[in-house]
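> These are the residues of each chain, in order.
There are 4 protein chains.
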Amino acid sequence: MSDKTWDTKITDISPNRILLRGYPIDNLMGRASYPEAFFLAITGELPDPSYVRVLDAILVSSVDHGVTPPSATAAMTVASTGSPLNAAIAAGILATSRFHGGAIEGCMNLLLDAVSRMRTGGDIEKTAADIVREYKDAKKRLPGFGHRYHTDDPRTKRLFEIAKQEGVWGQHIDMAVAIQRALVAASGKRLAINVDGAIGAVLCEMGIDPKLANAFFITSRLPGLVAHIYEEITTQKPMRRIVAADARYTGPGERHID
Amino acid sequence: MSDKTWDTKITDISPNRILLRGYPIDNLMGRASYPEAFFLAITGELPDPSYVRVLDAILVSSVDHGVTPPSATAAMTVASTGSPLNAAIAAGILATSRFHGGAIEGCMNLLLDAVSRMRTGGDIEKTAADIVREYKDAKKRLPGFGHRYHTDDPRTKRLFEIAKQEGVWGQHIDMAVAIQRALVAASGKRLAINVDGAIGAVLCEMGIDPKLANAFFITSRLPGLVAHIYEEITTQKPMRRIVAADARYTGPGERHID
Amino acid sequence: MSDKTWDTKITDISPNRILLRGYPIDNLMGRASYPEAFFLAITGELPDPSYVRVLDAILVSSVDHGVTPPSATAAMTVASTGSPLNAAIAAGILATSRFHGGAIEGCMNLLLDAVSRMRTGGDIEKTAADIVREYKDAKKRLPGFGHRYHTDDPRTKRLFEIAKQEGVWGQHIDMAVAIQRALVAASGKRLAINVDGAIGAVLCEMGIDPKLANAFFITSRLPGLVAHIYEEITTQKPMRRIVAADARYTGPGERHID
Amino acid sequence: MSDKTWDTKITDISPNRILLRGYPIDNLMGRASYPEAFFLAITGELPDPSYVRVLDAILVSSVDHGVTPPSATAAMTVASTGSPLNAAIAAGILATSRFHGGAIEGCMNLLLDAVSRMRTGGDIEKTAADIVREYKDAKKRLPGFGHRYHTDDPRTKRLFEIAKQEGVWGQHIDMAVAIQRALVAASGKRLAINVDGAIGAVLCEMGIDPKLANAFFITSRLPGLVAHIYEEITTQKPMRRIVAADARYTGPGERHID
Chain X
1 MSDKTWDTKI TDISPNRILL RGYPIDNLMG RASYPEAFFL AITGELPDPS
51 YVRVLDAILV SSVDHGVTPP SATAAMTVAS TGSPLNAAIA AGILATSRFH
101 GGAIEGCMNL LLDAVSRMRT GGDIEKTAAD IVREYKDAKK RLPGFGHRYH
151 TDDPRTKRLF EIAKQEGVWG QHIDMAVAIQ RALVAASGKR LAINVDGAIG
201 AVLCEMGIDP KLANAFFITS RLPGLVAHIY EEITTQKPMR RIVAADARYT
251 GPGERHID
Chain S
1 MSDKTWDTKI TDISPNRILL RGYPIDNLMG RASYPEAFFL AITGELPDPS
51 YVRVLDAILV SSVDHGVTPP SATAAMTVAS TGSPLNAAIA AGILATSRFH
101 GGAIEGCMNL LLDAVSRMRT GGDIEKTAAD IVREYKDAKK RLPGFGHRYH
151 TDDPRTKRLF EIAKQEGVWG QHIDMAVAIQ RALVAASGKR LAINVDGAIG
201 AVLCEMGIDP KLANAFFITS RLPGLVAHIY EEITTQKPMR RIVAADARYT
251 GPGERHID
Chain F
1 MSDKTWDTKI TDISPNRILL RGYPIDNLMG RASYPEAFFL AITGELPDPS
51 YVRVLDAILV SSVDHGVTPP SATAAMTVAS TGSPLNAAIA AGILATSRFH
101 GGAIEGCMNL LLDAVSRMRT GGDIEKTAAD IVREYKDAKK RLPGFGHRYH
151 TDDPRTKRLF EIAKQEGVWG QHIDMAVAIQ RALVAASGKR LAINVDGAIG
201 AVLCEMGIDP KLANAFFITS RLPGLVAHIY EEITTQKPMR RIVAADARYT
251 GPGERHID
Chain D
1 MSDKTWDTKI TDISPNRILL RGYPIDNLMG RASYPEAFFL AITGELPDPS
51 YVRVLDAILV SSVDHGVTPP SATAAMTVAS TGSPLNAAIA AGILATSRFH
101 GGAIEGCMNL LLDAVSRMRT GGDIEKTAAD IVREYKDAKK RLPGFGHRYH
151 TDDPRTKRLF EIAKQEGVWG QHIDMAVAIQ RALVAASGKR LAINVDGAIG
201 AVLCEMGIDP KLANAFFITS RLPGLVAHIY EEITTQKPMR RIVAADARYT
251 GPGERHID
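Chains as they are written, first to last, in this note's numbering: chain X, 1 to 258; chain S, 1 to 258; chain F, 1 to 258; chain D, 1 to 258.
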C-alpha cells in the first residue's frame, strides 16, 4: 500500500457489490427509507428507531415555501435561460446560505452552547435569560427565533409534537422553549421558534454536528426547487422577468391526508 | 389583478399557513414520507400507495458510489478549498449530467419511444430487436444498459423485485428486459440493465416526465455528496490532491438489516 | 512513462517557472494584455496583432446591462443570502446559457454554415435570403438578430467599426450584414444585428471555435456581475426581495472618454 | 416613485443607450481596455493612468497554473460529464475559495491592518516583526507568504517590478517586503511573497476593498479554466478519471515575447 493512500469510511465498491457504511445498497433498498439512508450516509450508522419518523418530518417540513425565497428565485431565474435542471438546482442551493436556511446551524450552535453552560451550573431559565440579554446587548438576532412572515409557525408546533411522540426530546428542545419564553418576556413581542430553530433543536437531540445542518435544509428544499424549475420551463416563456410579488396561486384548494 | 400576474400551482402561503399542492405542510409532516412529499411537490399529487416503497427504493438505490464518480470528486475538490457545504454540493450536482446520471433520462426516452412503437403494431421482441439493431447501425450506446464496473448490478435486480412486489410493473419494464435480451443476443456479450436503466424503466411506469429524471438521481446522490464533503473537511488537510485510486476503504465490514 | 499518462498542452509548471503555451507568465506580464493572454490560453497562440484591439472591444462590449438580465438577478439573489462572492458569481454564470448570451454561439454556427453554403455555389445575397426563408418556414428565430429592448444596438455599430479599422472583416461579417438586410426585406420590420450577433460574426473572422463562444460572453460580463454583487452586499439588507423593475439609476450622468 | 424603489449606481439603460457608470459602452469600446472597464465597473471610476499596465499584469499573472489546482480539477471533472461550458466554469469558480486564491484577501487585510498599526506609532520593521511573532505565537500562517511549490515566485518579482515602473508603490508593498524579511529572520527559512501576496499588496495601493480581492483572482484564472475545459472536451473521453499527477505537458517549448 503506497504512502499516498488515504482513508474513506463511506462506501466500499467491488464488482456487483456496493456497501454503504457496510450495508449492501440492495439490502437497504426496500428496507431502509430514504431518510434512514441519508442518516446512515452522513453519520455512519442507521438512526435510532425513534428518529425515523422525526427525520421524515424534518425533511418534509421545509420542502417548499413558494416562489419568494431566494433559492426559488435563483433556481427559476437560471432555468429560465435554458440552463439544464442540474444547473438550476445548483443555483438554488448556492442561495441556501447564512440568511436562508442558515439559522438551523446558528440555532444548533446557540443551543449546544446554552446547554453546556446550563450543565456547568445555573438552571435553564437563568441560562436562557442570560443568553437573551447577551444577544440584546450585542444587538444580535437569536438564530431560529422569529419569522418575517409567520408569527406562529405551524411547522414548529408539529415537529415538536412528533419529536415528543417519538421520545426525541431532551435538554436542547427544552432550552429552545426556555429561550423563546425569555425572549418574549424581554421584548414584550410575540417571537416564536421558527421552523429553522425547531429543526436545529431536534437535530441537537440526535447528536448531529452543526456543520451538517445545511444538508438537512438543502435536502428538504430540493423537491421545491425542482417543482419551481419544472413549472418554469413547462409553463413560462424563456427569459421572462420573474417577479415573485406578481405570482398568483392557482393550484388546488386546501385538502388533507389522514 | 394586474396583467403582469403569473400562475403558480405549487405552494400557497399565508400567515401561519403553508399549503403544498393544497396540503398543509404540518398535515403532511408525520403522515407523508419524504419520498411522498417529493412526488407531491414535483407532480402535483401524492403518489399511488403502490409507489411509496418503490420511490423509497429508487432514492436509496443511488445514494452513493464511493469516491470515484465525478460528482464526488467535484464536491470533495471544492470542499477542500474551504468553500462552504452548499457550494461543494452545488459543484457535485453540476457534475450529474449527460454521462453521469443522465442515462436515466436517456433510457426513459428510449423506453417511451419503444413502447409507443410497439403499440402501433409489432410485438415487443421485434421492437426490441429493431431498436438494438438501429443503435448498433448508428454506433450509439443504448442508455441504461451496461456498466463499466458492475456486470450484474445488484441494485437493478432489487429494484425490479420491489417494483414487482408492489405491482408497479408494466410495458416499460417489460420492454427494458426485452431490449436487454436482444442486446445480449446481438452482441454476444453479457450486458445487463444498469441501475440508471432500472430507475428509468420504473419511472416510466409511474408516468414521470423524463425531463424530471435527473431530479431523482440528484436527490438520491445528495446524501453521498454530503458524506464525502463532510469526511473531506473533518479528516483531511485543505488543498490536498485528491486521487480516487489511492483511496482505501476503512469503514465497517459487511453487515445487513432485516 | 506509465500508460495512464495523458497529454495537456496548456501549462508547464516547474519550480519558479510557469510556462503558458510556452511563454513564461512573467514574460507575458506587462507585455501581453489580458485579452491577449486570454486568447493565448484558449487557442494556444497569441492573437494576430490586428485582433488585439478587437478582442478588448469584444470583452468590453458586454461588461454589463443593468439589473434586469437573469445573470445579474441570480448573482444578486445568491449574494443577498450571505453566500460568498465566488458562489454569487457562479450562480450568475449558470444563468449565461442558451437564451442569455447563447446567441453568440448560435450566430457563429449560423454564419459558418452560411459562408460554407455560399462558397459551394450561390452568391451571398441569395444564400442570405434562402436562410431567412428557411428559418421563417421553420418558425425559428435567427440567433443574433433583433433585441427585445435595443432596436439599433450601439455596441454592434461600434464593434463593426473597430473590426473594419483593424482589418478584421471578412465573409462572416459580410454574411451577417446580408442576412440582416434579407431579414428586413422579408419581415418589413427593422431587425438589427444585436451585440451577440456582432460578437459572433467577429469571432468567426478570428477562427474561434463556436464551442468557446460563451467564454467570451462570460468573461465580458464578469465585471458586471461583480459590480452588482458588491453593490448588493454593501448597500442593501440581506434577504430583500429584489425586483429589477423597481431599481432606479442614481449613478453619474453621461460622460465620455476621448 | 414608489417607496419600493431601490438605488443602483452601476448601469443606466435606455433604448439604444447603455451607460456604465455614466460612460456609453460604445464610447468605452476601442478606447478603454478590458482591465479598465473591469476597474470602472467594480469601483465606479476609471483607474488612474498609472494603474492600467499594473491591472493588466495582475489579471495576466494568475491566468493558469496547470492541471493540479482544485479549480482546474473541478472544472475538468464537471466538463467530463457532458455539462455545458458555463457549468464547468461555475464549478471551477466554486473552488476559488479560502485556501485557493483566498490568500489575496487575507494578505490585504493583513497589510491594511499592519500599515494602520505602523501609522499609529511604531516603525515599519518593528511592526512587521511584531506581526510575524504574533502569527507564530498563534500558530497561524501569514496569508500571501510561502508557496508549496515555488520558493521564489517569478510572478511576484515581475509584478513588483511593473508596480515600481508605474509608480504604484507605497506603504503596503513596503510592508509586505518588511514582513517577508521579518519572516525569514524569525524562521530561518526562505519564505517568499507568493503571487497572491503580491497581488494583495498592489491592490492595497490601488485602494481596492479586500471584499473584492477574489474577483481579481477569478477573472485572472478564467481563461485557464476555459482552456482546461476545452482541452478536456475536445481531446479526452467522457467520464475518465482525471489524475493530475499523470498529466504530461506536450505543448510548445519555452518561447518569449519582446
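Bear in mind the hints are in silico, worked out from the structure with no lab data behind them.
Hints may be right or wrong, so weigh each one.
Repeated chains share a single entry, so a pair holds when one copy, or any two copies, can fit it.
[Claimed, not checked] Below, in silico cross-link-like pairs of lysine to aspartate or glutamate (EDC-like), each with a Cα-Cα straight-line distance of 16 angstroms or less:
hint, residue 1, residue 2
1, 211, 137
2, 164, 123
3, 4, 123
4, 9, 45
5, 157, 174
6, 189, 152
7, 9, 246
8, 237, 48
9, 9, 134
10, 136, 45
11, 140, 246
12, 164, 205
13, 211, 152
14, 126, 174
15, 9, 254
16, 211, 113
17, 237, 166
18, 164, 174
19, 237, 7
20, 237, 45
21, 164, 48
22, 136, 174
> Confirm or reject each hint.
Each hint, compared with the structure:
{"no.": "1", "hint": "211 / 137", "in the structure": "neither (27 angstroms within a copy, 28 angstroms between copies)"}
{"no.": "2", "hint": "164 / 123", "in the structure": "neither (22 angstroms within a copy, 57 angstroms between copies)"}
{"no.": "3", "hint": "4 / 123", "in the structure": "neither (51 angstroms within a copy, 47 angstroms between copies)"}
{"no.": "4", "hint": "9 / 45", "in the structure": "within (11 angstroms within a copy, 38 angstroms between copies)"}
{"no.": "5", "hint": "157 / 174", "in the structure": "within (14 angstroms within a copy, 47 angstroms between copies)"}
{"no.": "6", "hint": "189 / 152", "in the structure": "within (12 angstroms within a copy, 57 angstroms between copies)"}
{"no.": "7", "hint": "9 / 246", "in the structure": "between (49 angstroms within a copy, 14 angstroms between copies)"}
{"no.": "8", "hint": "237 / 48", "in the structure": "neither (47 angstroms within a copy, 32 angstroms between copies)"}
{"no.": "9", "hint": "9 / 134", "in the structure": "neither (41 angstroms within a copy, 38 angstroms between copies)"}
{"no.": "10", "hint": "136 / 45", "in the structure": "neither (40 angstroms within a copy, 40 angstroms between copies)"}
{"no.": "11", "hint": "140 / 246", "in the structure": "neither (33 angstroms within a copy, 30 angstroms between copies)"}
{"no.": "12", "hint": "164 / 205", "in the structure": "within (11 angstroms within a copy, 39 angstroms between copies)"}
{"no.": "13", "hint": "211 / 152", "in the structure": "neither (27 angstroms within a copy, 37 angstroms between copies)"}
{"no.": "14", "hint": "126 / 174", "in the structure": "within (13 angstroms within a copy, 53 angstroms between copies)"}
{"no.": "15", "hint": "9 / 254", "in the structure": "between (46 angstroms within a copy, 12 angstroms between copies)"}
{"no.": "16", "hint": "211 / 113", "in the structure": "within (15 angstroms within a copy, 30 angstroms between copies)"}
{"no.": "17", "hint": "237 / 166", "in the structure": "neither (47 angstroms within a copy, 39 angstroms between copies)"}
{"no.": "18", "hint": "164 / 174", "in the structure": "within (11 angstroms within a copy, 46 angstroms between copies)"}
{"no.": "19", "hint": "237 / 7", "in the structure": "between (49 angstroms within a copy, 13 angstroms between copies)"}
{"no.": "20", "hint": "237 / 45", "in the structure": "neither (46 angstroms within a copy, 25 angstroms between copies)"}
{"no.": "21", "hint": "164 / 48", "in the structure": "within (15 angstroms within a copy, 30 angstroms between copies)"}
{"no.": "22", "hint": "136 / 174", "in the structure": "neither (21 angstroms within a copy, 43 angstroms between copies)"}
Hint check: violations occur at hints 1, 2, 3, 8, 9, 10, 11, 13, 17, 20, 22; the rest are consistent with the structure.
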